[in-house]
Structure formats: structure tokens, C-alpha cells
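**Q** Residue numbers (this note's numbering), protein chains in the order written: chain A, 1 to 211; chain B, 1 to 220; chain C, 1 to 279.
Derived from the structure by calculation, the hints contain no laboratory data. Every clue listed holds true.
To list a few chain B residues with every Cβ distance to chain A over 12 Å, as calculated:
hint: 1; residue: Asn-24
hint: 2; residue: Lys-65
hint: 3; residue: Ala-164
hint: 4; residue: Phe-165
hint: 5; residue: Ser-170
hint: 6; residue: Leu-173
Across the chosen pairs, the derived CB separations fall in these ranges:
hint: 7; chain 1: C; residue 1: Ile-24; chain 2: A; residue 2: Phe-83; range: 46 to 54 Å
hint: 8; chain 1: B; residue 1: Arg-2; chain 2: A; residue 2: Gly-163; range: 43 to 51 Å
hint: 9; chain 1: A; residue 1: Thr-133; chain 2: C; residue 2: Arg-42; range: 15 to 23 Å
hint: 10; chain 1: B; residue 1: Ile-8; chain 2: A; residue 2: Val-164; range: 42 to 50 Å
hint: 11; chain 1: B; residue 1: Gly-52; chain 2: A; residue 2: Gly-160; range: 47 to 55 Å
hint: 12; chain 1: A; residue 1: Leu-204; chain 2: B; residue 2: Ser-172; range: 41 to 49 Å
hint: 13; chain 1: B; residue 1: Ser-203; chain 2: A; residue 2: Ser-2; range: 55 to 63 Å
hint: 14; chain 1: B; residue 1: Ile-33; chain 2: A; residue 2: Lys-25; range: 56 to 64 Å
hint: 15; chain 1: B; residue 1: Leu-199; chain 2: C; residue 2: Asn-168; range: 29 to 37 Å
hint: 16; chain 1: C; residue 1: Ser-50; chain 2: B; residue 2: Met-1; range: 54 to 62 Å
hint: 17; chain 1: B; residue 1: Gly-196; chain 2: A; residue 2: Ala-208; range: 54 to 62 Å
hint: 18; chain 1: B; residue 1: Val-59; chain 2: A; residue 2: Leu-136; range: 54 to 62 Å
hint: 19; chain 1: A; residue 1: Val-142; chain 2: B; residue 2: Leu-199; range: 17 to 25 Å
hint: 20; chain 1: C; residue 1: Met-1; chain 2: B; residue 2: Ser-203; range: 48 to 56 Å
Being a predicted model, the structure only gives us computed values, none of them experimental. Every residue gets a Cβ at the ideal spot worked out from N, C-alpha and C, and that includes glycine.
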Amino acid sequence: MSAVEMIQIWVMAFFTLAIFSFLYKDNPVYRVAEHIFAGLSAGYYVGLIWKSVIIQQLWEPMMAGSWWLIIPGLLGALMFARFWEKISWVSRISLAFVMGNTAGIFLISQLHGLVLPQIKATMLPLGGGGGLTAALLAIIIVLGVISTLIYFYFSKEHKGALGVTAKVGIWFIMIAFGAHFGYTVMARISLLIGRVYFLWNDWLGSLAHIF
Amino acid sequence: MRTVVPVIIAFLSGFIMIVAFFFNPDKTILGKIESEVLVWVTIVGGFTLLLGVVSITRVNWQAVKTKKKGWIYNFLTLLSIFVMAIPAMLPSSWSPFFGDSSGSVYDWLFNYIDAPMMGTMFAMLAFYIASAAFRAFRARNAEATLLLLTAVLVMLWRIPMGEAFLRLFSDSLPQMINNYVMNGVNLAVQRGILIGAALGAASMSLRIMLGIERTYMGKG
Amino acid sequence: MSIWDKILQLDRRWIYLMVALAVIFPLIVPMTFKIYITPEVRQLYNAIDSLPDSSVVMLTFDYYPSTLAETEPMSVAALNQLFQKNCKVLTLTTVPLGGPSIAERVTRKIAKKYHKVYGVDYVNLGYKANYVAVLKGMGTSIEAIYPTDNSGTPLSKLPMMKHIKNYNDIKFIFVVSDNGIVDYWISIVNAQYGIPVGSGVTAVMAPKFYSYIGSKQMTGLLGGMKGAAEYEILVKERGMAVKGMTMQSLVHLLIIGLVILGNVAFFASRRNHKKGEHF
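Please model the entire structure based on the sequences and the hints provided.
**A** And the structure:
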């Protein structure tokens with residue numbers, strides 16, 4: 001292990017432990033690490049946008065003849081008008097351009113790419129092959145989708161048939177959320193494993209090179 | 001003027017996307033306009049990230065300038081922004097420490113300071129979720145019991161030790177959990193939520209395009 | 001105060017210590033358990049395995065450094081399988097914080113192992129802002145959205161990119177993600193351009209995507225570290241995910257134990273208090 005690698009590991013270990021120290025209680029070492037983290041993350045954005053947008057998407061293409069890219073460049077610059085109260089409304093133009101475009105893509109993609117295929121996939125034939133398991137699953141899916149949609153439908157009071165279906169919906173939702181909780185636990189532990197493995201294997205392992 | 005112009009721009013910008021969906025982008029002028037507009041949106045989108053950085057810099061600078069309590073921490077944030085950003089913006093032809101390639105200051109600070117800290121912040125959630133499970137996960141009624149039992153079953157199923165334990169009861173038990181819990185009940189509920197959310201997103205998109213929804217414009 | 005009340009008021013830091021010990025224990029005493037493969041993981045593996053040699057596959061690094069422990073093993077295993085199959089790999093990211101750096105580091109490391117050449121066997125497109133527009137725009141022209149690769153080389157100068165214009169030239173999209181971008185790969189790219197999409201996602205997100213598996217909009221799913229471990233076994237490159245499974249097991253068992261203990265203590269304490277009220 002080279003000296004550079006050793007320094008890298010110790011720097012990583014220091015900041016990892018500094019953040020973990022919050023588990024005991026809030027402390028100055030944690031706060032130092034937290035503020036450095038915020039600064040570095042913001043600085044990362046600057047480096048990234050400088051390279052990937054300003055240089056690669058604006059400056060170089062414009063120098064190569066795509067002069068019209070000055071328009072999105074100006075639209076981007078208009079965003080900063082928000083910092084001056086008198087002209088802050090100008091930033092709405094750029095924002096409206098992005099919002100409108102995203103809305104246009106969404107309107108199509110949500111209906112064409114999600115709602116329709118998901119509804120189609122719910123209309124399953126009971127006797128379409130696959131035996132009893134497939135038929136049972138088809139019933140569970142139809143019942144589950146309808147009762148969940150009704151549970152989240154608040155335009156009418158949940159009484160009568162609507163109330164009964166919503167009640168069935170709660171049972172379905174509880175099972176699904178239980179599964180989701182199980183998966184969430186798994187996710188959080190995996191992240192801890194990553195950090196503990198580093199501390200144990202790399203950091204404590206580096207001590208063996210020192211002593 | 002201050003509202004009408006942005007509403008017209010939002011409508012046109014979205015309308016192009018909708019109409020272009022129905023035409024072949026390679027063969028029509030509309031497709032070419034769509035392609036160009038999308039490039040423009042990615043460029044303008046980049047500036048929104050910078051907007052956030054300028055905002056965080058202003059807030060921290062203000063705190064340092066007025067020597068607000070704990071200003072030294074704000075100073076550290078400011079210093080970190082510049083230490084990260086400035087070498088990244090300088091051309092790598094000047095020095096191997098500049099730019100963003102492997103071996104640069106930017107790459108080093110990200111890999112050895114920023115990334116481990118971000119990973120650790122999220123790793124701490126493992127402790128909180130364990131503590132919360134102990135304190136709040138109670139079988140108070142039938143619904144909560146169902147939630148709890150499913151969670152325990154899935155937690156067992158998703159680990160090799162737990163799966164070995166489940167197979168003591170029946171070899172097909174893990175497969176049944178996958179079939180009936182994940183690909184059955186879970187799939188149905190997720191699909192219900194997905195359809196509801198997608199319909200909501202579509203209607204919100206329409207409201208934005210028609211200028212009914214204007215909260216993104218802020219006040220004034 | 002009864003023993004049950006004392007258990008209920010246990011200081012949170014004792015629980016933290018138990019969790020830490022449960023993670024560390026398997027590092028001191030190694031244990032191994034058989035890992036079974038779920039159908040969703042096998043489906044993803046088979047989809048890539050059945051691609052013709054030299055197919056172009058898009059591999060995304062749509063994750064933040066915060067979830068590296070779950071997602072990086074997926075990317076590593078994916079690159080192993082893709083390079084074993086001699087696929088041409090096109091990487092990109094829609095995540096601004098760390099995405100380009102992670103993609104660069106991981107891809108170059110695995111490519112070196114298989115002696116793959118940058119620009120010929122793989123290309124890293126890097127990052128562009130506003131992912132909805134990026135995904136949609138690449139349907140017409142990848143070069144319009146990404147005029148250069150991540151390091152600034154024009155795409156026209158990269159041999160691999162000579163025959164890749166848009167999604168029509170991509171055979172499979174492998175999305176590794178820790179956020180909602182997967183929905184857009186499905187609703188925009190899969191739905192509108194018909195490219196098969198498989199995904200590796202964090203465990204928090206995995207339950208949602210079973211609905212895409214059911215509707216056949218998604219071809220295979222790796223859910224969290226367990227999904228990554230199954231995939232590593234199929235690719236025959238056991239890595240961090242397989243190693244992490246024993247630690248994962250012990251902490252899951254600890255949490256199940258804590259839930260049971262918490263409930264027993266809660267009901268016992270409640271019964272004691274009710275009895276006390278009668279006297």
C-alpha cells in the first residue's frame with residue numbers, strides 16, 4: 001500500500017467517523033464535516049455544469065457555427081434575474097419554457113407509457129393458460145388494483161359498496177406496505193454494510209501496514 | 001405581460017412535444033424543431049442547478065459577513081465550494097490537478113471526501129430504522145398486524161439465512177412469497193398507486209400548459 | 001417500574017450498538033449461506049445472455065454516492081456480463097451529483113480487466129441536465145444531446161459511435177438507479193421506442209417495479225443488495241453484494257427480534273398497567 005493510498009483511506013475514514021459521531025450526539029466535528037459536505041457538493045455542481053453544459057453544449061458548438069445556441073444560453077442566464085426583485089419576473093420565461101416542455105412530454109408519456117399499459121396488463125384472462133396459480137393471481141391483481149384505486153378516491157364518502165371496497169383496499173395496502181417496509185429495512189442496512197466494510201477492511205486493514 | 005408571456009411560452013413549448021409525438025422526427029420539420037427544443041431544455045436545465053449553487057453561496061456569504069453565530073461553519077462551506085469548483089473550471093492542459101479527470105483535485109475531493117460522507121449519512125438510517133422498528137412497530141389492530149407480519153416475512157425471505165429458515169417449513173414457501181406477496185398483492189397495490197399518480201401527473205401537466213397551474217412562477 | 005417498562009425505555013444508543021455489532025460479527029466469524037436466484041434476476045441475466053455478440057447496450061449510472069453499497073455491485077456485475085458477451089457498452093448518467101465520476105471510475109476499472117478499448121468497446125457519455133428532455137431527445141439523436149463524450153471528445157471521433165445514432169441502434173437498456181428516473185425509462189423510452197429495459201434498483205424502490213415486470217414493460221429486476229448478490233452469482237463474479245449477505249442476514253434477524261421484543265414488552269406493560277388500575 002502506497003503512502004498516497006494510505007492518506008486516501010485515512011481521509012475517508014476520518015470523514016466517515018465524523019458523520020457517524022452524530023449517532024452519539026451533535027458535535028463540532030460532525031458540523032465541520034456536514035458543512036464541508038454541503039460545500040463540496042455545491043462545488044461539484046459548478047464543475048459539472050461548467051464542463052457538460054457551458055463548454056460542451058454551448059461554447060464548443062457555438063464556436064463550430066451553431067450560433068443560435070445563444071438563445072438557450074440567454075434563457076439560462078435569465079434564471080439569475082430571480083436575485084433582483086425588480087426584474088425577477090423575467091426568470092419566469094426560462095422556467096415556463098422548461099416547465100411547459102416537461103409538461104408536454106409528461107402528458108403523453110404518463111398516459112401512453114404508464115396508464116394504458118398498466119390497465120391493459122390488469123385485464124387478464126382467467127382461463128388463459130397458466131393453471132390455477134395464474135387464475136388466482138389474476139383475481140388478486142384485479143381486486144387489488146380496483147380496491148386500491150377506490151381507497152385513494154376521496155371525491156365520494158366511503159359508504160356502502162364503496163366503503164366495503166375501500167376496506168378491502170386497506171388490507172391489500174397493508175400487505176404491500178409491509179413488503180415495502182421489509183425492503184426499506186434491507187436498503188438501509190445495505191448502506192451501513194458498505195461503510196462498515198470499508199472501515200473494517202480498508203481502514204483497520206491499513207493499520208496492519210503501519211504496525 | 002409578466003404572466004401572459006410565460007403562459008404562452010409554456011403552452012407552445014409543451015404543445016410542440018405533444019404534436020411531434022404523432023409524427024416521424026426524422027422526416028418532418030416538426031421533428032427537427034422538437035429535437036432542437038429538447039437540446040435547448042437540457043441547456044436551460046443546467047442553469048437551474050447553478051441557480052441553487054449561487055443561492056447557497058449568497059446565504060453563507062451573508063452569514064460570514066454579518067458574523068452570525070456559527071459563521072465559521074458557513075465559511076467552511078464557502079471555502080469548500082471554491083476549492084472544489086475553481087480547479088474543475090481550469091483547463092486540464094495547464095495542470096493534471098485541474099479539470100475533472102482522474103487525479104484532479106475535483107475528482108479526488110469527490111471520491112475521498114464527498115462520496116464517503118454522503119454514503120455515511122444514508123448509512124445512519126439503518127440505526128434509526130432499527131430503533132423505530134423497536135419503538136413504533138406495534139400490532140395494535142388487525143391492519144397493523146398484517147403489515148407487521150408481511151414485513152417480517154419479507155425481511156426473512158430477502159436474506160439467505162431467513163430463506164433457509166423458511167424452507168424448513170416448505171421448499172416452495174419462498175417462491176409463494178414471490179408469487180403471491182410481491183407479484184400478487186404488492187404488484188396490484190403498486191399498480192393502483194401508479195395509475196392514480198400517472199393520471200394526476202397528466203392532469204397537472206395539462207394545467208401547467210393551459211396556464212391554470214402557475215405556482216411555479218412564484219409571487220409577483 | 002416493571003422490567004417491561006424498562007425495556008420499552010431502552011436508550012436508543014444501545015440499539016445502535018446492537019446493530020453495529022450485528023454488522024461487524026460476520027467480519028470476525030465468516031459464515032456462508034446458499035443464495036437462491038429469484039425469477040426476476042434470472043430474467044434480466046437471460047435477456048442479456050441472449051443478445052447477439054457485439055450488441056450495443058446502454059448502461060446507466062443513475063445513482064448518487066449515497067447508495068453506492070447497493071448499486072455499484074450491480075453496475076460492476078452488469079459490466080462483467082456485458083464485456084464477457086463482447087457487447088458494446090454506452091454509459092451515461094442523469095444524476096448530477098457524482099454520476100459522471102462514478103460511471104468513469106467503475107467502467108474504466110472493469111474494462112481494463114477485459115482489455116476493452118475506450119471509444120471502440122465502450123463510451124461514457126457523461127451527464128446532461130433535465131433527464132426528461134435527455135431521454136426523449138436521444139430518441140432522435142444521441143449526438144444532438146451529447147455532442148461530446150464525458151471527457152470532451154466529439155462523438156464523431158469515436159469509432160463505436162459511428163453506427164449509433166439513436167435508440168434504434170441500441171439492443172438493450174440496463175438502468176441502475178436509486179431514484180424515480182426508472183419510471184421515465186419505461187414511460188418514455190420503452191413505451192415510445194420499444195427498447196427492452198431491465199433495471200437494478202435500490203431495495204426501497206424495488207417493490208414498485210413489480211408492476212412493470214407484470215405488465216412486461218420491464219425485462220428483469222435486481223432489487224437491492226440481495227438482487228445484486230443473485231446477479232453476481234449468475235455472472236460468476238462474486239463481489240461486494242455476496243459478501244454483504246451474511247451481515248444483511250444478521251441485522252435483519254436482529255430487527256425482527258427487536259420488533260418481537262418491542263411488541264411483547266408493549267403488551268405486557270399495558271396488561272400490567274391495566275391490572276394496576278383495578279387495585
